[in-house]
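Residue strings, one per chain:
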Amino acid sequence: MTIDFSKYPDEHGHFGPYGGVFAPETLMAALEQLKNEYELVKNDAAFLKELAEDLQNYVGRPTPLYYAKRWSEHLGGGKIYLKREDLNHTGAHKVNNTIGQALLAKRLGKKRIIAETGAGQHGVASATVAARLGLECVVYMGANDVVRQAPNVARMRMLGATVVAVESGTKTLKDALNEAMRDWVTNVDDTFYIIGTVAGPHPYPAMVRDFQAIIGREAKQQALQHENKLPDVLIACVGGGSNAIGLFHEFLEDDSVEMYGVEPAGLGLETGQHAAPLCKGKPGVFHGNRTYLMQDKNGQILGTHSISAGLDYPGVGPEHAWLKDIGRVNYVAVDDEEALQGFRDLTRFEGIIPALESSHALAYATKLAPTLSKDKMIVVNLSGRGDKDMNTIAQIEGIEF
Amino acid sequence: MSRLHTKLATLKMAGKTALIPYITAGDPNPKATVGLMHLLVEKGADVIELGVPFSDPMADGPVIQKAVERALIHNVSLDDVLEYVRVFREKDAETPVVLMGYLNPIEAQGYEAFANAASSVGVDAVLTVDMPPEESKGYLEALQQANLDRIFLVSPTTPDNRLSAVNEKGSGFVYYVSLKGVTGSKELDVGDVARNMKRLQQSLNMPIGIGFGIKDGATAFEMAKIGDAVIVGSALVKLIEANQSKGSYDIHLAIGNKMTEFRTALDNADALKRSGVEYELV
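In the order they appear, the protein sequences are chains Z and Y. Residues 0 to 400 (numbering that gives the first Met the number 0) make up the first sequence, in order. Residues 0 to 281 (numbering that gives the first Met the number 0) make up the second sequence, in order.
Honestly, the hints are just simulated from the structure, not real lab data. Given the structure is predicted, the values throughout are model-derived calculations rather than measurements. For each residue, glycine too, the CB sits at the ideal point set by N, CA and C. A few of these clues could be false.
Claimed, not checked - Here are some chain Z residues pointing at chain Y (derived, C-beta under 10 Å):
| id | residue |
| --- | --- |
| 1 | Ala28 |
| 2 | Thr161 |
| 3 | Val162 |
| 4 | Gly168 |
| 5 | Leu176 |
| 6 | Asn186 |
| 7 | Val187 |
| 8 | Cys278 |
| 9 | Pro282 |
| 10 | Val284 |
| 11 | Lys373 |
| 12 | Thr391 |
| 13 | Gln394 |
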C-alpha cells in the first residue's frame with residue numbers, strides 16, 4: 000500500500016472527506032488552542048517522558064499479550080492472542096487517553112475537567128486522573144446508562160466526581176456528549192473537555208488515537224517476541240473506535256495484517272435496532288466531525304441499541320470512516336446474542352471476564368478463528384474487563400446478585 | 000441586493016434597530032408555525048429566524064431543546080420547514096426569513112439541492128450553528144449561487160484573526176453570541192457585550208445582531224443601544240411551552256405581549272439614539 004498513514008489527518012483534521020472541525024463558534028478558539036498545545040507536546044521530550052512514566056507506574060503498562068491456548072484449541076483454528084487492556088488501572092484502555100489529556104489540561108492551567116461516558120469506563124478513568132491531579136471533575140452520562148452501569152457510577156462518585164444523569168434525547172452516550180458540549184461552551188475559560196473516543200472535532204480524533212496507539216506499538220513488539228512475526232489478523236470492537244484505532248494504527252502500513260472492526264449489531268442489522276453506522280449508516284456531520292452516522296432520510300440522528308453501553312453510539316471516529324472507504328479495515332457486526340456467547344466463552348475457557356464491549360470482538364474471533372489454519376496469529380483487543388457488566392449479565396443468566 | 004440586506008439597510012437609514020424573533024418550526028405543532036410567523040411580523044418583527052428541528056441541538060439550552068422535541072414528535076423535517084416558508088410567502092413577500100439550524104439535515108439533502116429549494120420558496124438566509132467558515136467550502140458556493148445570505152456566528156471568544164474570514168464569507172449580518180453558553184442561558188453582562196461590540200464594529204463590515212440571553216425589554220433596550228439588530232428566542236419559545244396545553248389563542252396572546260415588550264424597548268432605544276442625547280456605554 001502506498002498511503003503514508005502518518006500524514007493523516009491533514010492540518011485541518013481531515014481524513015479524506017471525513018473529520019474536520021464542525022463546532023459552535025464559542026469553541027473554535029479553545030479547539031485552536033488545544034490543537035496548538037497538542038502539536039507542541041507531542042514531540043516534547045519532557046511531556047512524553049512524564050506520560051511514559053505515568054503509563055508504566057500508575058496505569059501498569061505494558062499490558063501482556065496473552066495466548067488464549069485452551070480457547071484457541073477449542074475453536075480449532077488460528078491462535079488467538081489477547082491484548083490485555085482489561086488489566087490497566089481502572090479496567091479498560093480508556094485510561095491511556097485520560098492520562099495524556101489530563102497532563103495537557105494541567106499544562107493549560109485548567110482547574111476543571113468534564114467528560115462524557117457511556118459504559119462509565121471513560122468516566123471512571125477521567126474521575127481517576129482528576130482525583131490524582133486534584134482537579135474538579137464532572138461526568139455526563141445518559142440516564143439509561145446510569146442504571147445499567149451502576150457499579151461505575153458508584154466508582155466515579157467515590158472518586159469525587161459529580162455524575163450528571165442526562166435525561167434528554169435517547170438518554171445514552173450521544174446525549175451525554177451533547178450535554179458535555181453545552182457545559183464546555185458555557186465554561187470554556189476554566190474547563191478542559193476530555194473526550195473519550197476518537198470522535199469529536201479536530202484535534203480530538205488525532206490526539207486520542209495517538210494516546211491509544213501505545214496498544215498497537217506494544218502488541219507489535221510482543222507478537223514478534225511470541226511468534227517471531229507480525230500478527231495475521233487484528234480484531235477490535237468499534238463504538239466510537241478508540242480501542243480499535245489504538246490497536247490498528249501501528250499496523251496500517253503492514254499490508255500483510257488483516258484488520259476487523261466489529262460493530263454492535265444489537266438485535267440484528269436488519270431490525271434497525273443496532274449501533275453499526277459503518278455497516279449500515281451513511282456519511283453526515285455530527286458532534287464536530289464528518290463521518291458515518293445512523294440517521295434517517297431527513298438527517299435526524301437515530302436512536303441506537305446495543306447490549307453494551309460503551310458501543311451504543313450513532314457515530315464513529317472519522318478515521319474509521321476513511322479506513323472503511325479506502326478498504327484498509329473490514330468492518331463487520333455481531334449481535335447481542337453472539338456477544339453474550341463471546342462473554343461466556345472467554346469466561347469459561349480462560350477464566351477472564353471480559354467487558355460486553357470487548358465481547359463483540361471475541362465473538363467475531365469465534366467466527367473467524369475456525370476458518371484459519373493453526374499457524375495463523377489473531378490478536379484480539381480485550382479492551383476492558385466485565386466487572387461493570389455484572390448487573391446486566393446476572394439478570395440475563397438468572398443469577399442472584 | 001438581497002431582501003435581508005435591503006431590509007437592514009433601510010432600518011439603519013431610519014435609525015431603527017431590527018427586531019429578530021426566533022421560533023422553532025413545527026413547535027408546538029406543524030399547523031402553528033405559519034400563523035405564528037405572521038403574528039411576529041404584526042407585532043413588530045423585522046426579520047424572522049426560523050429554527051430547523053434537529054435531533055441533537057448541542058448549542059441550545061433546555062428551552063429550545065424541548066421545542067425541538069415537540070416539533071420532532073411530528074417528524075418535522077427540513078422539507079416541512081421549507082413548505083411553511085412557502086405558505087408564509089403567499090401573504091408576506093417582504094419580511095426576510097433566516098433559517099437557523101444544524102448542518103446534518105442540510106448535508107442529507109445535499110448543499111445545492113437544499114440551497115435551490117430554500118431559495119425557491121422564499122428563504123433569504125441560512126445560519127448553521129456547526130458550520131464555521133473554515134469548513135464552508137461547497138456550502139458557501141451553493142448558498143451564494145442561490146442568492147442566499149450566509150450568516151456566521153461570532154462569540155466573545157472569537158479572536159480578531161478569525162473575523163476576516165467572517166467578513167469574507169458571511170453576508171447579511173453577523174450573529175453575535177453575547178455570552179459563553181447555550182441559548183437562553185444566564186444573565187447577560189451588558190458591559191461585557193458593549194466592550195466586545197466596539198471591537199467587532201471596528202473589524203466587521205456588516206450589521207451585527209446580538210442574541211443569546213435577551214429575556215426582557217430592559218435587556219433588549221440595552222442591546223439595542225449598541226447593536227444593529229436584537230435577536231430573541233428562548234424568551235418567546237418559553238411562552239409556547241407554558242401555553243401549549245391551552246391552545247393557539249393563548250399562545251398568540253402571550254407571544255404578542257412579549258413581542259410588544261421587545262418592540263417598545265427597541266423603539267425607545269432608537270428614539271434615544273435619534274435624539275442625539277449622549278449616552279454612556281456601561
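Checking against the hints above, which ones are violated? 2, 3, 8, 11, 12, 13
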